[in-house]
Amino acid sequence: MISFWEVARRAETGPMMKESDFDMRISMTAMELAKEYEIKYDPSVYVSSDNTMADDVWRAGIELLLKCGVYNVSNKRVITFEEHEVKEALKHVVSEFEIGKGKDRIKIQARGVEDSKKSTIFSGPFGVETSLDVFVPLNQAFIQEPLVDVLFHGGHIQSICGVNTIRANSAFEVIAARVYAELMNQALILGGRPFMPIVWGVAAGVSSLNELGADSFMPKNPEDIFRAVMFLPELKLDDVLLSKTAHFMNYGYPLYAGTTPVIGGYAGDANTAAIVAVAEQIATFLVFGAVVNHIGPQHMRYRSQTNPASLWMNSVMGQAVARNSKLITTTSVTTAGRPGSMQMHLEAAAMAICSVVSGRNLLGPRPAQPLYPNHHNPLHARLFAEVAHAAIKLKREDANEIVAQLVATYKDTLDFDKSPKGKTFEQSYDVKTLKPTEENLSLYKEAKSKLIDLGLELA
Amino acid sequence: MHMSKEEILKELREGVLNYDEERVKKAAMRALEEGIDPFLAIKEGLTPAINEIGKKFERMEIFLPQLTIAAKAMEAGVAILEPALDKSQGEKVKLGKVVIGTVQGDIHSIGKNIVATMLRAAGFEVIDLGVDVAVDKFLEAAERAKADIIAASALMSFTKVMQRDLVEYLKSVGARDKYKLMVGGGPVNEEWAREIGADGYAEDAIKAVKVAKELLGLK
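Going down the list, the protein sequences come from chains A and B.
Per our numbering, the first sequence runs over residues -18 to 440.
Per our numbering, the second sequence runs over residues 127 to 345.
It should be emphasised that the hints constitute simulated quantities derived from the structure, not laboratory data.
A hint or two may mislead.
Said to hold, decoys possible - Restricting the straight-line Cα-Cα distance to at most 20 Å, the calculated cross-link-like pairs of lysine-lysine (PhoX-like) are:
| # | chain 1 | residue 1 | chain 2 | residue 2 |
| --- | --- | --- | --- | --- |
| 1 | B | Lys182 | A | Lys21 |
| 2 | B | Lys272 | B | Lys297 |
| 3 | B | Lys136 | B | Lys152 |
| 4 | B | Lys198 | A | Lys(-1) |
| 5 | A | Lys84 | A | Lys72 |
| 6 | A | Lys416 | A | Lys426 |
| 7 | B | Lys169 | B | Lys223 |
| 8 | B | Lys333 | A | Lys399 |
| 9 | B | Lys220 | B | Lys272 |
With the sequences and hints as input, model every part of the structure.
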């Protein structure tokens, strides 16, 4: 299989082109391939059952990657791949991976379409600004959710030492990174799962230095921690990402790699975005040799991932990858409805069902940007995981029917000016006992009851 | 063969609507050959077409690649017609100059590219500085271009703070009142824009055009 060192070499020597030309090359090639393979988006379908289309999207995705490559925005060079390299690499996919220690050691697996294997649940307060006073309790509340298998990031520390919003690449990023590591250790120990697997993105900044700033105080051995590396949409990376990857590889960390193809952006409509997403899914494996390969089905207009086009794209792309490879994959879920709302529960359930029957593991749920401080609620993760585990009993046709009913409840309130506003962690939980408030618990029970009425077998 | 004014205007419209740059160029040259007022050719040929493209994009009936190609076709037509405009017409065609970029520390470009494309299509002259743009580079470009608006995009919580720094920098060097300042991006909202003292905020590219026009007192 092609090594990262070879990829990095190609990033230094590949053909040069303008970034805008690369963006348009992706768009035009995806459109040509969609036409050639007759891949069409059907807005009346949320979870596809079309195996032929899934296989065509897979082939088109590989063609797209071979024709376009991956672009290094730092030096304007294209990293190209040969067909035999893709085929060879896919033979070396790790389809099962164990991580963590003791009772929290888990096996993450590649999943097939309509697979009876449970989805691994990655969750945590990722992406949300988290104040220092609730950082530990909020993470602890996620850690204490038994169905959360892997803690995903720990929330952003954005204010520290009197600096209200930490600036990218500033000294406070590095200071906050060290504090982040300290607090994450505390949360894991207090939560009773000190060796729980983590996806460790130092959520205290954006620079490479802040990643390094936390390294010496990370909770455990490198082999038990996923480090996160993300492409820029579409099929782009930069020197910072490559150098971070080199560092992570030098120290033996397993990698969690992904990207967020944007429907409406250069990826185009849902049909072409599905092709681009397959290319990206393969590319994250080729470039990073990642254990877990992630897609966030983003949408230009909605900015959340539970809209009808994202659901369809995720199902087709997911099935394409699951039917034709043994890649371990995840799909993320960002919602228009905010924490503490019925809509967030139902949006998350829709994407969980769609993803699980399409062969994915799951990450989420999280409210979409713009995010408000401390707006997270681990009860959403609980129901999300329960729904995911119930969905393994569903066929795609049944899943589509349930998802259609769920979408009907929120499709008119996906725009942020209409979607329900959220509550902070402190408003949703007793921060000392880490018990959800009565109101929060009632909402969870009501959402669960709605999902049972729709046909999900929830305990 | 002679073409009527209506036929040429239709060609200009159809060229943009069909993403056909060559067709637009030919129609624009034909307009000049047939002695059609270039201002009319832009206002009644190209502008309605790009407005329709913008609406299609807003409804997500078309996507960024089509928007980019249509805007490029429109620009090619304007480039041919513009030199033939008299001074007063030229001022009416160009709505204003916008310097746009993604702030320092942030390398996300898609949202900024869409806003730049829509502003261009609407008739603004856009100077796109790309990504990872330092505050002084925004000002230098704005001074050089004699811009009306500076537009700063940020896609991460840790980089939106650079929008605040941009306001402070402009104030510190006495340039804040010379330009209207617009901000946008995933983590940005109206509240943040107000807090840092920006003049305008838009949550998407369509609204960005509306806000830019409002800031310059245009309809």
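Results of checking the hints against the structure:
1. Note on Lys182 of chain B and Lys21 of chain A: the hinted pairing holds, with a Cα-Cα distance of about 19 Å set against a maximum of 20 Å.
2. A hinted pair counts as satisfied when its Cα atoms are at most 20 Å apart, and Lys272 of chain B with Lys297 of chain B qualifies at roughly 17 Å.
3. With a C-alpha separation of about 12 Å, the suggested pairing of Lys136 of chain B with Lys152 of chain B holds against the 20 Å cut-off.
4. At roughly 16 Å between alpha-carbon atoms, Lys198 of chain B and Lys(-1) of chain A fall within 20 Å of each other, so this suggested pair holds.
5. The hinted pair formed by Lys84 of chain A and Lys72 of chain A fails the criterion: a straight-line CA distance of about 31 Å is larger than 20 Å.
6. This hinted pair checks out: Lys416 of chain A and Lys426 of chain A have alpha carbons roughly 15 Å apart, not beyond 20 Å.
7. At roughly 19 Å between alpha-carbon atoms, Lys169 of chain B and Lys223 of chain B fall within 20 Å of each other, so this suggested pair holds.
8. The suggested pairing of Lys333 of chain B with Lys399 of chain A holds, with an alpha-carbon distance near 17 Å, which does not exceed 20 Å.
9. Pair hint Lys220 of chain B plus Lys272 of chain B holds up; C-alpha atoms about 13 Å apart against a cutoff of 20 Å.
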